[in-house]
Each structure stands twice: as structure tokens, then as C-alpha cells.
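Student: The chain contents come next:
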Amino acid sequence: MKLIRRKFLFLGISTVSIGLITFYEWKYFSIKKIFSDEIEKFFYNFESILPNKITYNIDKEVYTLENKIISMLSTNGLSKTLNLINQKIKKEYQLGKITIIEGWILSETELKILILKSKYV
Amino acid sequence: MFKDLKVYPSNSILEYDICIVGSGPAGISLAKKLFDTNLKIAVLESGGIEPEPEYQELNIGENSGPSYLSLDSSRLRCFGGAGKLWAGVCAPFKKDEFYKKAYIPLSGWPISFSSLESYYKEAAEMLGISYEKFYDKSLLGNTFKEKSFNELNKNNTFLSPNIFQISNKNHRDLAEKYKNEFETSRNIDVIFHSTATEINLIPNTKSVESVSVADLFGNKSTIKSKIFVLACGALENPRILLSSNKLLENGVGNNYGFVGTCFMSHPGIKDVAEIYKTSSEKCITHDINNNYKVVFEVSSNERNNQQILRHSLSISPQKNFKNKSSYNFSEVISDGVKLFENTSFLKKIVCHFQKNNTFSPKNWNLDIGLEQPPRLSNNLKLHFSKDRLGIPKINMHWNDISQIEKDTVLKSVRTMARELGALGIGRIKYKKMLLSGQSFKIDDPINHHIGTTRMSESPKTGAVDKNCKVFGVSNLYIAGSSVFATSSIVNPTYTIVALSLRLGDYIKKSIL
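Top line first, the protein sequences correspond to chains X and S.
According to our numbering, the residues represented by the first sequence are 10 to 130, in order.
According to our numbering, the residues represented by the second sequence are 4 to 515, in order.
These are calculated hints, taken from the structure and not from any lab test.
The reader is advised that the hints may include incorrect statements.
As a list, the in silico DSSO-like pairs of lysine-lysine whose alpha-carbon atoms are at most 27 Å apart [to be verified]:
1. K99/X with K150/S
2. K97/S with K43/S
3. K157/S with K99/X
4. K97/S with K100/X
5. K434/S with K106/X
6. K434/S with K150/S
7. K50/X with K280/S
Here chain X stands alone, though its shape is the one from the complex (with noise of 0.2 Å):
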């Protein structure tokens, strides 16, 4: 009896892992498929001024913004994207929310853009 709960528990939590691995995977793949074109579009559109040697820190509101980033892909195509995001970073520099990197004074988005860009393009 203990033999078959064990077994039935194993069996269906590995069932359950694999079908959820199988799922976000899939979902990964095909995100990435449908948007990869669009991605490197998107990245395209922000000129590479920083230097590629440098190493940055990918923290993980690079990756919020990677997510957010094709999300609106996703939902609102390249243009609108490619706006809301430009108006994102005047705003940005309008209110002072900057950083210096290498002496290169910008705005945090523009920075998290940047070495985004360096992944995708």
C-alpha cells in the first residue's frame, strides 16, 4: 500500500514538472521565435555607445525590463514600443533619473537598453 502511494506520488509529480518544464519551454521557444526578428529591431533603434569590453552587473531589472520589453513587443508591435520606450527615457532624463557609466551620463533604462542590446544584436 505504502509502495503504491510512493510510487503514484513520484510518478505524478514528475509528470506534473515535466509538463510544466515542457509548457514555459515551449512558450520560451516560441515567444522567442515569433519575436527574436522584432527584438533585434527593437535593439537596433538604440546606437551601441558604450564600449563592449566593459562588463556590466545584469541585475534582475534587466530582466524585468527584457520581459516588459517583450511583452509590449508582443501586445503594441515595434513602433509603439519603440515610443512608449523613447518617451520613457526623456522622461527619465527630464526628472534626473540618471547614471554614469565609463562618463557616459544616462538615463537607467537607456543603460539597461544598452546592455540588452549587447545580448540580442
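Could you slot chain S onto chain X? The hints should help.
Tutor: Below, chain S without anything else, positioned relative to chain X:
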């Protein structure tokens, strides 16, 4: 009339109503204001009509501070003085510069902008420029630099443009412009080779009795007058006051030790940042004129919010190639490769040959000119060594850059970056030299000499009152940039002329 000290018998006593020591822009403007009176006026000039090396040597002094200031360059002992070296760049002070600022000790003037405005208008006429043009917004946006960053004139939040006019060479050399009038004047004597060697006070020290003058050939005389005006620049004015110490140990008008203190200049910090223009390179058609230029700075409100000094943000296109007198072979090859790599090269060539066109690149340089705050530690004292006339030389203690100047550079670049970013027209990168502090170690004072007999409400904080009269001496006045309470960022000559005209009016009213 033009005269020379040597024509008078030695030890002559010459009597006048007004004695003006110095014939630079201040002395000439003041004398010009008094042309139409019947007052008998002496204008004493240390040199001749043209500069002479042996008289120029009287300018030599010593430096004891951490920064070097050339005391003999940018000064001329001749009719017209330093005005003959002036490039003619004019702009008035801003209204808010006359106010006291809590974050700048000793800031504020005892006069307001409005008390100077009519004299700025009069000075503009003398210098062949237009006062109204300084505030004419229709002039904005037409120059090459503005067109390269044209949004800066339209939608800016943090930066404001300033119009600087250029007085042309027919007007800016006031000595040349009014030479005939002085030469033929019946009430004004310009006496050449008459260096003031001593201000002689009456025994109770409350007024000046005479000024002793001498040339380099042993001729000496005494000038007696009702009113005396020192107008020989921000280095010589305190020098003669401090060295006239027969009756007062600390010199004339120096009861509180303010004579010689608060020396200011306009340090220029080169290559502080590079600007990357986000719009594409293009050939720009623009007005070509040499009458005015537009310079940006952080606006007054933002400047006060950030507690920084006035400054000028001067942009210029980056040069692709180094400015060198000679190239070695590898440099020729390297620059040759760059030339062919550069896809805009052909565009540049085409643009170059089109009339009124200039090529606007993506990369620009940013230089900053700085106001200096009045500081007691930047001062001029007397050196133990003396010049050929027996006057103690100047001992200059100058420390050109303090923390507030450094903060001004860093914050103004940051603010410009915010403006360009908010408008979406560019990005800025601080240069390594600036971040490492190296940029601040370069001596480049632009040779403007300001302060040293500053105007103030009280003798406890300055050397002259709001009418440019030396505290404690009833008939001694000072004209020129030495009376400036603060240094601003604008070239001083225009304000020197305006203040001298104002002093001329005051003297007229008080003597006639």
C-alpha cells in the same frame, strides 16, 4: 590735449579739477563722459601712445599661490590700455547676479541691475553694438552651432541661451576711436609717461591731496586735484593703494584689509566632455556673421537650485585629425585610413564648397568657462622687490579652482546631458581628464582681472561704496573691473564701460 611728463619742469605741481589715473577703457569712458563740462581734467597714462617695452616691464610681478597668473601679459601701458587687446566680446550681467546668494559668501552687489541699465545702453552706443539685441529672441537659432542642436532653443527646460555681441575693431578700441577728440580737447590733458607712484593723503587721511607721478628718466611731478579716480586695472589699482602707506600702514582705503582681496578671473576648463549628437551628420546652411554669438548655460533658476556658479557651455565640432605642425609617416598612414573609412568624407567635401554651409558632425567637444566666487584667499599683496620707479611689485596668491567651481563643471555637464537626453538630441560623456581631476590643474584664466577693490555696502566687506568711492577717503574713486563685487561669466569690458559712465554722471552731479 596730448602732453608728456618730460615737457614739464621737474617737480612741477599741476592742478586740475579731476585726475584720472589710467587711460584704458575705464579711464577713457569716464573722461569721455566729462568731455562736455568745463572741468579741467588730467588723464595720466603710464606709457606712451603705443606700448613701449621698458614701461611694459613695470607690470612684472611675482606669484606665490598654487596657480600661476601671468601679471605682465594681457596688460598694456599705453593710451587705450588693455582695451587694445580686447576681442570686443560684450554681454551685460544678468539681473540675478546683483542679488546675494546664500551659497556664495560675499555675493551680491550694493546696486541693482536697473541702476546700471541706462549706462549699459550708453556703453552699447560707444561700442557700436545694440543693447536691445542682447534680448532679441529672433536672433536665436540661426548660428551653425544652434542649428546643429536646434531643439535647444525651442523646448529647453534646463539651459538658457545668451547672446554675446562683438564690438568691431572700429569701435572697441576706444583710444583709437576718440583719439582726435582727446588730442584736440581744451579741458582734458592726457599726460603720457606719468606713472602714479604715490597717493598723497592730507594729514588727517580723510582725503587725497595729490598724486605723485614719474617717468623712467627721472622726471617727476605732482598732480593736485579736487577728485581723483584710479582707473588702471584690477592689478594696479590695489597696488598703488597698498603702496601709498606713508600715513596709513595698511595703505589707502584699507582699514579692514579688503584692498587686494577677492581677486577673480574666468578659468576656462577645456575638453570636459564629448557630446554625441543622436541626429545624423548633415550639411547646415546658416547665417555667417561676426556680430554676435550664442552661448548656453544652465538657467538662473536651475543654477540656484543646484547651488552652482555662472558658466558658459561652449560647444565645438570635434576635429577628425589632430592639429599638428608635422606628421610622421605612420600618422599619415593612420589618418589616411581614417579618411577612407569615414563615409561622410565626401559629404564634407561637398558641404565645404557650398556657400554659407558648414558640416555638422555627430561628435562635439564641450569646454566650460567659469565664474569665480569672491574669496579672501585669492589676493594680491606687495612683494618686497621693487620696480624701476621704486614701487613694490605685485605678489599674487591665486588658487584658481575651489570645490564650488569643480561642482559647477560636473553639475552643468550633467544638466546639459539631461537636457539633450530629454529632448532626444544627444548624449554626453565626461572626459577621463575631468573625472580624474586633471582638467582642473591646467592654468587658463583667460586673463580677465576682476575684484581687488570690490564694491560693497560696508567697508567691512569691500573697498568702495555703491558710487565707487573708496571707503574712508572723501575724494578718491575707482573705475574698472576691480570694483566688481562678483565676476559673472561675461567679458568684463562692457560692464567696465557702463560703470565708468555711471561714475562720470555721479561725479558731474557731485562737482557741478
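Student: Against this structure, judge whether each hint is valid.
Tutor: Now the hints, each set against the structure:
no.: 1; hint: K99/X with K150/S; in the structure: holds (21 Å)
no.: 2; hint: K97/S with K43/S; in the structure: violated (36 Å)
no.: 3; hint: K157/S with K99/X; in the structure: holds (16 Å)
no.: 4; hint: K97/S with K100/X; in the structure: violated (30 Å)
no.: 5; hint: K434/S with K106/X; in the structure: holds (21 Å)
no.: 6; hint: K434/S with K150/S; in the structure: holds (25 Å)
no.: 7; hint: K50/X with K280/S; in the structure: holds (21 Å)
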